[in-house]
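> Reconstruct the complex from the two isolated chains, following the hints.
Protein sequence lines correspond, in order, to chains A and B.
Each residue of the first sequence is one higher than the one before, starting from 1 at the first, in my numbering.
Each residue of the second sequence is one higher than the one before, starting from 113 at the first, in my numbering.
These are computed hints drawn from the structure, not numbers from a lab.
Be careful, since some hints might not be right.
Some chain B residues close to chain A (C-beta under 8 Å, calculated; not the full set) [unchecked claim]:
hint, residue
1, T199
2, F203
3, R209
4, T213
5, L216
6, G221
Covered stretches of chain A (chain B as the covering partner; in silico rule of three or more C-beta atoms under 8 Å from a C-beta of chain B) [stated by the list, open to error]:
hint, stretch
7, 39-45
8, 94-105
From the three backbone atoms N, C-alpha and C, an ideal C-beta is built for every residue, glycine too.
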Amino acid sequence: DAGVIQSPRHEVTEMGQEVTLRCKPISGHNSLFWYRQTMMRGLELLIYFNNNVPIDDSGMPEDRFSAKMPNASFSTLKIQPSEPRDSAVYFCASSIDANEQFFGPGTRLTVL
Amino acid sequence: AQTVTQSQPEMSVQEAETVTLSCTYDTSESNYYLFWYKQPPSRQMILVIRQEAYKQQNATENRFSVNFQKAAKSFSLKISDSQLGDTAMYFCAFMKRGGATNKLIFGTGTLLAVQP
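Looking at chain B on its own, in the form it has when it is part of the complex (with noise of 0.2 Å):
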């Protein structure tokens, strides 16, 4: 069975710095989609960014990036230039493709903090 791992409950960044947010994940499969996705206040769930596991080059989206390491079970993701609207809780998440389910397997989160 595969598992996600997030280990910082909670983080802190100042505006306008950088932060990285940590997930490791356990997994025989080497198929598989890796995610990010941001719940702020509103509790809506929006995907951040996303990592094909066949693809050695770390995703990156404007001011998201990650860095994958694949031998390693890891996918941090780094905010640059955090904002305050920033400030959500963050999930991990996989999923295993070619499966008969698609499902999402969650951490279970790191909630940030973007201070003025």
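Here chain A stands alone, though its shape is the one from the complex (with noise of 0.2 Å):
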């Protein structure tokens, strides 16, 4: 299995523009789950989805973020508009059901 699959693996835009981060779980996994880490902050969940539906949306920093899951096999996080305090690297990962969580290599955002 080639694991979860993240897209871009680095993102440099500047303040204002929309980013979209997205993510391909692992084939069979029902459960995916959005982190963001920072040095301030360390690693947060940002959002959780059970087949497909938004389950847990608290960790959503504000109405510029937004995720959505149309299907089982991928997710987008989207930001608009972007802004610096948003720089962060952005991890997804997937499990089966409350089991072990299998990270994606994360996204390096930058946001100028």
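In structure tokens, the structure reads:
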């Protein structure tokens, strides 16, 4: 299996631009997670999907952030408009129910 | 709310030696998992070891083992015969079982440097 796939691996954008991060979970996994890693806040959950349905989005910082999972093999995390404080590494992870979560390689986002 | 504390921001160990990383957590739950994840410079998050709270036996994976003290809410990681490739950030994580959200709650991490 190819593991969790994320794209792009690196993204540099200017403040105010729209950013879309993409994730392909491991085939057969029914749970998908978006985490954000920063020096200040460490690793924190942004949103969790189960069977393509958002279950917990309490970690989404504000209305500028949105996430979708249109099918079992694809999810997006969108930031519009982006701000410098959004600069971080964004991880996607997937699992089968409440079992081990497998992480993707992450997307390093830099907002200038 | 659950919290995970790693009190050692950095540690260093000589190659082939043994090192123990500390982790404590706070929860009122009785059914949960505990994990250690490794994040090397490549930033990939790699699961090192997992412990189910209902199991009294400490988990072991090759050179990695844990000391799980449920009453003390302590979950330390022991790395035996340290190798240069063990150099990484290590995160302790908690996950409640049976909740609406199977999210991982991470500690702040311990940066381990294995010296040749």
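> Now look at each hint and say whether the structure bears it out.
Okay, the hints, checked on the actual structure:
{"no.": "1", "hint": "T199", "result": "violated (19 Å)"}
{"no.": "2", "hint": "F203", "result": "holds (7 Å)"}
{"no.": "3", "hint": "R209", "result": "holds (6 Å)"}
{"no.": "4", "hint": "T213", "result": "holds (4 Å)"}
{"no.": "5", "hint": "L216", "result": "holds (6 Å)"}
{"no.": "6", "hint": "G221", "result": "holds (7 Å)"}
{"no.": "7", "hint": "39-45", "result": "holds (count 4)"}
{"no.": "8", "hint": "94-105", "result": "holds (count 8)"}
The structure shown violates just one earlier hint, number 1.
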